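Which chain is which? The protein sequence lines are A and B, in order. Each residue of the first sequence is one higher than the one before, starting from 574 at the first, in my numbering. Each residue of the second sequence is one higher than the one before, starting from 574 at the first, in my numbering.
Bear in mind the hints are in silico, worked out from the structure with no lab data behind them. These figures come from a predicted structure and were not determined experimentally. Check the hints yourself; a few may be wrong.
Said to hold, decoys possible - Below, in silico cross-link-like pairs of lysine-lysine (BS3-like), each with a Cα-Cα straight-line distance of 27 Å or less:
| no. | chain 1 | residue 1 | chain 2 | residue 2 |
| --- | --- | --- | --- | --- |
| 1 | B | Lys-584 | B | Lys-765 |
| 2 | A | Lys-830 | B | Lys-830 |
| 3 | B | Lys-668 | A | Lys-830 |
| 4 | A | Lys-1014 | A | Lys-765 |
| 5 | B | Lys-988 | B | Lys-584 |
| 6 | B | Lys-798 | A | Lys-741 |
| 7 | A | Lys-988 | A | Lys-953 |
| 8 | A | Lys-668 | B | Lys-830 |
| 9 | B | Lys-861 | B | Lys-990 |
| 10 | A | Lys-994 | A | Lys-861 |
| 11 | B | Lys-668 | A | Lys-798 |
| 12 | A | Lys-830 | B | Lys-994 |
| 13 | A | Lys-741 | A | Lys-668 |
| 14 | B | Lys-861 | B | Lys-994 |
| 15 | A | Lys-668 | B | Lys-798 |
| 16 | B | Lys-668 | A | Lys-668 |
| 17 | B | Lys-994 | B | Lys-1014 |
| 18 | A | Lys-953 | A | Lys-937 |
| 19 | B | Lys-741 | A | Lys-798 |
| 20 | B | Lys-988 | A | Lys-668 |
| 21 | A | Lys-990 | A | Lys-937 |
| 22 | B | Lys-830 | A | Lys-798 |
| 23 | B | Lys-741 | A | Lys-741 |
| 24 | A | Lys-668 | A | Lys-830 |
| 25 | A | Lys-741 | B | Lys-1014 |
| 26 | B | Lys-937 | B | Lys-965 |
What the hints assert, rightly or not - Here are some chain A residues the structure puts well away from chain B; computed CB gaps all over 10 Å:
| no. | residue |
| --- | --- |
| 27 | Ala-591 |
| 28 | Glu-595 |
| 29 | Ser-663 |
| 30 | Arg-675 |
| 31 | Thr-726 |
| 32 | Glu-871 |
| 33 | Ser-918 |
| 34 | Thr-1019 |
| 35 | Asp-1039 |
Stated by the list, open to error - Output of the computed footprint for chain B on chain A, the stretches with three or more beta carbons under 8 Å from beta carbons of chain B:
| no. | stretch |
| --- | --- |
| 36 | 600 to 613 |
| 37 | 646 to 655 |
| 38 | 793 to 803 |
| 39 | 806 to 817 |
| 40 | 1022 to 1034 |
We put the CB at the ideal spot given by N, CA and C, even for glycine.
So you can see what is in the structure, the chains are spelled out below.
Protein chains: 2
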Amino acid sequence: VAVKEEREGCKSLYGVQAERQEQAERSVLISCHSRTNEKNFLKYLSRHGDINKYFFYESYGMYAVVEFANRESLASLLEEAAIPSTSHESMVPFKSRLLTLRNLGSADVPNQQSGQQCQPQTTIPINELIQRLAREETIEQQITSLTDVYQLTEENSRLRFLVCSLLKDIAAAYFPECTINPFGSSVNGFGKLGCDLDMFLDVDDISGRNAKMPKSGLWLEYQMKRASSERAVTQSLLSVIGDCVDQFGPGCVGVQKILNARCPLVRFAHQPSGFQCDLTANNRVAMKSTELLYLYGELDPRVRHLVFTVRCWARAHGITSSIPGAWITNFSLTVMVLFFLQRRSPPIIPTLDHLRDLADPRDKSVIEGNDCTFVSDFSKIQLLSNTETLEKLLCEFFEFYSTFAFNRMSISIRKGKEQNKPEVAPLHIQNPFETSLNVSKNVNATQLDRFVALCQESSWLLQQSDTNTPRGGNAEKATTPWGLATLLMPSQVAGIKGRKK
Amino acid sequence: VAVKEEREGCKSLYGVQAERQEQAERSVLISCHSRTNEKNFLKYLSRHGDINKYFFYESYGMYAVVEFANRESLASLLEEAAIPSTSHESMVPFKSRLLTLRNLGSADVPNQQSGQQCQPQTTIPINELIQRLAREETIEQQITSLTDVYQLTEENSRLRFLVCSLLKDIAAAYFPECTINPFGSSVNGFGKLGCDLDMFLDVDDISGRNAKMPKSGLWLEYQMKRASSERAVTQSLLSVIGDCVDQFGPGCVGVQKILNARCPLVRFAHQPSGFQCDLTANNRVAMKSTELLYLYGELDPRVRHLVFTVRCWARAHGITSSIPGAWITNFSLTVMVLFFLQRRSPPIIPTLDHLRDLADPRDKSVIEGNDCTFVSDFSKIQLLSNTETLEKLLCEFFEFYSTFAFNRMSISIRKGKEQNKPEVAPLHIQNPFETSLNVSKNVNATQLDRFVALCQESSWLLQQSDTNTPRGGNAEKATTPWGLATLLMPSQVAGIKGRKK
Ligand SMILES: Nc1nc2c(ncn2[C@@H]2O[C@H](COP(=O)(O)OP(=O)(O)OP(=O)(O)O)[C@@H](O)[C@H]2O)c(=O)[nH]1
Ligand SMILES: Nc1nc2c(ncn2[C@@H]2O[C@H](COP(=O)(O)OP(=O)(O)OP(=O)(O)O)[C@@H](O)[C@H]2O)c(=O)[nH]1
Ligand SMILES: [Mg+2]
Ligand SMILES: [Mg+2]
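Just chain A, with the same shape it has in the complex:
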């Protein structure tokens, strides 16, 4: 019952997005000196109106995110902001909501505590995490602790929406009705502090269906540039916006236009936030997968815990990587965890086909011929009572993929059952919405073998009593890694492998 209530309290991803977006539109990003006096700073800003929320963080210098209660305050603040005075430098006079706080004269008294309390925007290093997990008393606690440390904070999430909103200002110059939404791990519930920021530009509101067309007589139409295909339009939009970001966008560096990819994108680093950004356009299927992952993550807390743990474990062993290649992606890995949870008995989460069957007429969504329909009302979803512990599930996950018939079978969260492989690829994971596609078609046999071997070793390790029980539980001295901590140590796992042979 508790789980059910929790689910009913959940907001849909749309609701969350809309709220965050609206907050972001009322916010500014301010670069300030690390010794800025917080009280003076707030007093100075409050002249423009009430502040709902603010926080400081560090990223190549100190920054503050400030959310005003009203948009008028923002306008008033921007109205008063100055153009930098440059005696020997030139600059591009593009005005945005990224500002710098200056302090003329030394009249300002530095903070007693010498600076603000900063909100961390990156995770702790893996070694520190291992130390921290070693001090936990159960594997269950280790798993939830890992999630706590890694998951996006409230502040980080706000910062992500703010960066989208700043970028939207650039795109909205030409497409006033456009939106820029984050998708992927920034919002699907599985994002780790420091993960990239995937965004998509949606100008669909205006390009599409036209309600205003009259039945007869005269009417006026906008003249618009023709393009050979929707893809060409997308490339054109991204190309120009990429140039704008490159030439005008303050803090945006290393802009790359990757327009010939299957999904054309503009990649750049946003220095003030520290985010690596990928901007795509009209990428609505990806938004649907994001919603789906979010929904699964909200259905049962074990989903997110397990995904975080498996992602972290995979990253520690180089199963996944931040650079593209023949390895498994986080997205594939997440789908594998979801599939595993569908295969428990009773299943912990329903199949996608089941979620589709629960859908309302208004949930119907067909994108480029793909049926992306699934239920949006979480309370309609009935879960079966599976009470397996996280420890058990982690063990079973490794066991499950140690013995999975990868050579013959495909993983499908739509059916929740392995299917015969439709094509020869070492790893076949059916794309949930574009069902004829293989999400992991980049993965080669070597990488799959490494994954399977690591599953086997990790499964074996978790069954050893010197691994799965706490050791040296003295808080004073350095504790010896155990349980999940052991699983995250490459040397440890490799060592075991050596011994096994």
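Given the coordinates of chain A, work out where chain B with the ligands should sit on it, guided by the hints.
Below, chain B with the ligands alone, put in the same frame as chain A:
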């Protein structure tokens, strides 16, 4: 006295520009079917408010320029305009004030006169001009008639400002305080129907001098991208705006970015207006030369008549060309005419140094270290009473340059006297504001020789009685060219040359 009054009635170029700009902001450009019923068209548009002025013209199809009395009407019209419905085509959803009129159903009754009266936006061909001039009774009349036929019309001038305004909408997306002004022959009074549209983007209002900087305490500054120089900023702005025009701008084709030129520019053709457009940025000296030429043109009607005639004559003989090369430019030619008029006795127009001496303190203008100051109040300028006829002046012009000591002397409208040449170049015309530069340094000896030879031949021709008196003055049958008409016929002039040798 009449001349003086005319001068006092003159608006400064700034005044003219401001008025035209404001009209343009209230206007739309509409592509319509050539059989559109004018009455229905106006009735349809008037629903949005009063129309101040409208006209039709043809340019790869029929277009209308419509100026509303109020901006609100424009907003209302755009609000109602539809997105084109495309079943098998894709397009870039950028909304501008370039629209298409559609007519659903054939209920519309075509105009009785089968279509609108169209305002011409190009000149008549040279052969027609020659025929027309042949029918005039004096050379004086031929010269004024040429100006009448060639000069920009009220409608063409409106269209030029409208194209600037449409382009400004694109640039203002990023630089809300920017302006785009026409310069060169579109506004200096010497433009011929069909001449190119030179524009410059000015974002200087916001990049420069900052009034808001406080004396002490905290303040906020916009973060802006740094660039290595003002030139780099200009290149950056033009590059992005060039891309926008290329990818989004309806009707804009053949976009070329010529960013490494001395004066970086974006060149494109605006199909709906038929204009070849050159967009430069922060090119304020060129605006000053435009103002100066405008002023000279307004001082005495003979200035414009002579410039039009000489430009037309030069073009007919390939002395000038629409493509860049070693030939004399229209700008150089204009300066040569002005110089000639300063050398009459008494001088018809004052020197630039004199215009500078008449300047008010508020006329002071120094651009990049160059003194561009000259008087803005036309009524302060006292002219001497020179009463030479246009015929006489044209003759004397050819004579003057037939014998000018190009090998030793430089032409300077600043001093109104030939100066010793500061450098070896076949033709040396001092740049009026950047006085160390030679406006005609591109001109080679061959081109200068051709110009001198043509001046000699034209001067000789004008002194022959079979050239300078009307022939076959029967309006019914084709008249034989005479006077100015003869001077415009390449075969004629070349023929004479043959005979002379
Ligand atoms: N259909 C499909 N969608 C994908 C694929 N790869 C990524 N996506 C979608 O794009 C989103 C962003 O991709 P990534 O940035 O690679 O993955 P992520 O989920 O954000 O995870 P991180 O590694 O933390 O960035 C994913 O969440 C998916 O929704 C793929 O191969 N197929
Ligand atoms: N200082 C300087 N200004 C120039 C030069 N060439 C052009 N300009 C300026 O730029 C303006 C536009 O140049 P053009 O389009 O070549 O000439 P134009 O006067 O518009 O005459 P058209 O041939 O009818 O276009 C001129 O009116 C001048 O103000 C030059 O060589 N030196
Ligand atoms: Mg991502
Ligand atoms: Mg020109």
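Each hint, compared with the structure:
Distance hint between Lys-584 of chain B and Lys-765 of chain B is fulfilled; the C-alpha atoms sit about 21 Å from each other, no more than 27 Å. A C-alpha spacing of about 19 Å is found between Lys-830 of chain A and Lys-830 of chain B, which places the hinted pair at or below 27 Å, so the restraint holds. Among the hinted pairs, Lys-668 of chain B with Lys-830 of chain A is consistent with the structure: their alpha-carbon atoms are about 25 Å apart, no more than 27 Å. Between Lys-1014 of chain A and Lys-765 of chain A the alpha-carbon distance is near 24 Å, which keeps this suggested pair within the 27 Å criterion.
Simply put, Lys-988 of chain B and Lys-584 of chain B have alpha-carbon atoms about 26 Å apart, close enough for the 27 Å limit, and the pair holds. Distance restraint check for Lys-798 of chain B and Lys-741 of chain A: the Cα-Cα separation of roughly 18 Å lies within the 27 Å cut-off, and the hinted pair is therefore satisfied. About 19 Å separates the Cα atoms of Lys-988 of chain A and Lys-953 of chain A, which keeps this hinted pair within 27 Å; it holds. Proximity of Lys-668 of chain A to Lys-830 of chain B is assessed by CA-CA distance (about 25 Å); at most 27 Å being required, the pair is judged to hold.
At most 27 Å may separate the alpha-carbon atoms for a hinted pair to count; Lys-861 of chain B and Lys-990 of chain B meet this at roughly 21 Å. Taking the CA atoms of Lys-994 of chain A and Lys-861 of chain A, the gap is near 24 Å; set against the 27 Å cutoff, the hint holds. At roughly 10 Å between alpha-carbon atoms, Lys-668 of chain B and Lys-798 of chain A fall within 27 Å of each other, so this suggested pair holds. Restraint check for Lys-830 of chain A and Lys-994 of chain B: not satisfied, since their Cα atoms lie roughly 52 Å apart, outside the 27 Å limit.
Under the criterion of a C-alpha separation no larger than 27 Å, the hint pairing Lys-741 of chain A with Lys-668 of chain A is consistent with the structure, at around 13 Å. With a C-alpha separation of about 24 Å, the suggested pair Lys-861 of chain B and Lys-994 of chain B falls inside the 27 Å cut-off, and the hint holds. Taken as a hint, the Lys-668 of chain A and Lys-798 of chain B pair is honoured in the structure, with Cα atoms around 10 Å apart against an allowance of 27 Å. A hinted pair counts as satisfied when its Cα atoms are at most 27 Å apart, and Lys-668 of chain B with Lys-668 of chain A qualifies at roughly 22 Å.
Restraint check for Lys-994 of chain B and Lys-1014 of chain B: the C-alpha separation of about 12 Å stays at or below 27 Å, so the hint holds. Restraint check: the Cα-Cα separation between Lys-953 of chain A and Lys-937 of chain A comes to about 16 Å, which is no more than 27 Å; the hinted pair holds. Distance hint between Lys-741 of chain B and Lys-798 of chain A is fulfilled; the C-alpha atoms sit about 18 Å from each other, no more than 27 Å. Restraint check: the Cα-Cα separation between Lys-988 of chain B and Lys-668 of chain A comes to about 45 Å, which exceeds 27 Å; the hinted pair is violated.
About 24 Å separates the Cα atoms of Lys-990 of chain A and Lys-937 of chain A, which keeps this hinted pair within 27 Å; it holds. Taken as a hint, the Lys-830 of chain B and Lys-798 of chain A pair is honoured in the structure, with Cα atoms around 19 Å apart against an allowance of 27 Å. With a C-alpha separation of about 21 Å, the suggested pair Lys-741 of chain B and Lys-741 of chain A falls inside the 27 Å cut-off, and the hint holds. Under the criterion of a C-alpha separation no larger than 27 Å, the hint pairing Lys-668 of chain A with Lys-830 of chain A is consistent with the structure, at around 23 Å.
For the proposed pair Lys-741 of chain A and Lys-1014 of chain B, the alpha carbon gap of about 48 Å is over 27 Å, so the pair is violated. Of the pairs offered as hints, the one joining Lys-937 of chain B and Lys-965 of chain B is violated, with about 37 Å between alpha carbons and a cut-off of 27 Å exceeded. No beta-carbon of chain B comes within 10 Å of the beta-carbon of Ala-591 of chain A; the shortest separation is about 23 Å. No beta-carbon of chain B is positioned within 10 Å of the beta-carbon of Glu-595 of chain A; the least distance is around 23 Å.
Some Cβ of chain B comes within 10 Å of the Cβ of Ser-663 of chain A; the nearest lies about 5 Å off, and the non-interface call is violated. With 10 Å as the threshold on Cβ separation, the claim that Arg-675 of chain A sits away from chain B is violated: the shortest Cβ distance comes to roughly 5 Å. No beta-carbon of chain B comes within 10 Å of the beta-carbon of Thr-726 of chain A; the shortest separation is about 24 Å. The non-interface label for Glu-871 of chain A is consistent with chain B: the shortest C-beta to C-beta separation is roughly 34 Å, beyond 10 Å.
With a minimum CB-CB distance of about 49 Å to chain B, Ser-918 of chain A clears the 10 Å threshold, and the non-interface call stands. For Thr-1019 of chain A, the requirement that its beta carbon stay farther than 10 Å from each beta carbon of chain B is met, with the minimum near 41 Å. No Cβ of chain B approaches the Cβ of Asp-1039 of chain A within 10 Å, the least distance being about 55 Å, so the stated non-interface status holds. For the stretch 600 to 613 of chain A, the stated coverage by chain B is satisfied: 3 residues place a CB nearer than 8 Å to a CB of that chain, which reaches the threshold of 3.
Given a C-beta distance limit of less than 8 Å, the hint that chain B covers the stretch 646 to 655 of chain A holds, as 4 residues qualify and 3 suffice. Coverage of the stretch 793 to 803 of chain A by chain B holds. Counting CB-CB distances below 8 Å, 11 residues qualify, and the rule asks for three or more. Note: the stretch 806 to 817 of chain A has 7 residues with beta-carbon separation from chain B under 8 Å; the three-residue rule is met and the coverage holds. Counting residues of the stretch 1022 to 1034 of chain A whose beta carbon lies closer than 8 Å to any beta carbon of chain B gives 0, which falls below the threshold of three, so the coverage claim is violated.
In this structure, the earlier hints numbered 12, 20, 25, 26, 29, 30, 40 are contradicted, and the remaining ones agree with it.
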